[in-house]
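Novice: The whole structure should be built from the sequences, with the hints applied where relevant.
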Amino acid sequence: MVQPLNYLKESPSQTAGPYVHIGLAPAAAGFNIFERELGWDIAGPDAQGTRIRVEGVVYDGTGVPVKDVLIEAWQADANGIYPHVEDPRHADCARGFRGWGRVITDFDTGVWGFDTIKPGVVQGRNARPMAPHINLWIVARGINIGLNTRIYFDDEDNAADPVLNLVEQVHRRDTLIAHKTGPNTYRFDIRLQGEGETVFMDI
Amino acid sequence: MKPAEFYQRDRLWQPPALTPDYKTSVARSPRLAMLSLQSSMSEITGPTFDHSDIDAIDNDLIKNYAKTGDPVGERIIVHGRVLDENGRGVPNTLVEIWQANAGGRYRHKKDSYLAPIDPNFGGCGRTITDDQGYYSFRTVKPGAYPWRNWVNNWRPAHIHVSVFGTAFSQRLITQMYFEGDPLIAKCPIVQTIPDQRAIDQLIAPLDLNAAVPLDCLAYKFDIVLRGRRSTLFENRLEGN
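Note that the protein sequences, when read in sequence, are chains A and B.
Using my numbering, the first residue of the first sequence is number 1, and each one after it goes up by one.
Using my numbering, the first residue of the second sequence is number 1001, and each one after it goes up by one.
No lab work stands behind these hints: they were computed from the structure.
Bear in mind the structure is a predicted one, so any value in this text is a computation, not a measurement.
Simulated pairs of lysine-lysine, PhoX-like, Cα-Cα distance not exceeding 25 angstroms:
1. K67/A with K1023/B
2. K67/A with K1110/B
3. K1220/B with K1063/B
4. K9/A with K1220/B
5. K67/A with K1109/B
6. K1186/B with K9/A
Quick list of the computed label-pair ranges, beta carbon to beta carbon:
7. G1087/B with D189/A: 36 to 44 angstroms
8. S1230/B with T181/A: 41 to 49 angstroms
9. D108/A with P1213/B: 47 to 55 angstroms
10. P1091/B with G49/A: 27 to 35 angstroms
11. A127/A with P1119/B: 54 to 62 angstroms
Where a beta carbon is used, it is the ideal one built from N, C-alpha and C, also for glycine.
Specialist: Written out as structure tokens, the structure reads:
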């Protein structure tokens, strides 16, 4: 026998289920309980940068909108700074910039959307810059463990992005790119399965 | 820069995406391989919360929606620690819970189960761990309820738990079950987890030492988030 390593194991994930709104967005479940719901204001009123709106639909493998999905977003400010101590530049992050948001869909249409500012270029591994992107985490009934992906933007230079370039099938990189639909609006649909399946990441 | 990375997620311990006995997963599970990423700044950072985000009563589900009195049901405390895989407490992290009432009914406009809504029970709470990673909630024990999967499936009593940790790559939602519940072994959602030892990790034991005599019972539930490499030799490795 060898010595035991004694690491703990990560708790296994379980689906967020159909009633995730009760816990994470109770007003959408139909009642008011907390003074402040969390995650509705990603950027705050004062942060510099281009104000944008990103909208989309999550589709299941049969092409039907997933109407009970909950999505969380995590992003850097317009200068590519995360409001977190692990970012060496965090002290310079935009005032009031939270970087984190939580959205649900319209229960009738399945459309979700959030307002934020466009993130800047973020320093990647080995000093390679990463093109502006928003990190997403997606949970819903039927999703056993939260799915991670990223939103990039079609009006940015994504050619050298070290993460996009890891996607072996080049055409699949398009699944990570939001398309401009207006002066400051973007569309980002997510396909859980089937043709055009979004690239999900094991981070 | 090479940030100190998180241990890779053990995908043999975690439930896979496609679990046909849980029918909803069939059309909602990705079929192509995920892209494995080493940690960058986008993964090792994550949102932070503090006590200005919540109210003191938010972790007391017996009082936080009470209108005319306390909710019906078995009064319980749920307490434990948020830890990482290195066994260290995760301080100042947001823990959110939601659950059905004692009859197994959710306060949700999409829930039409015949068990009644409890006018004094909302069913959600939140708190922030202390500097050792401890948290606690007071609530009532949720009831089992039927759900549409096979024709006669019942969820074991459970509390949904959402935890952040310090990094976006630690984000986790899971469910807490109760010691001794015979429905656990029969639940297709529980059984999405392939390893019985991992299932056991989600079953909270009765903790009589934490019960309040003549008031409420207690269950202990520790939550483990992904651990991270030691920074002990980080400088040397980065200098490679």
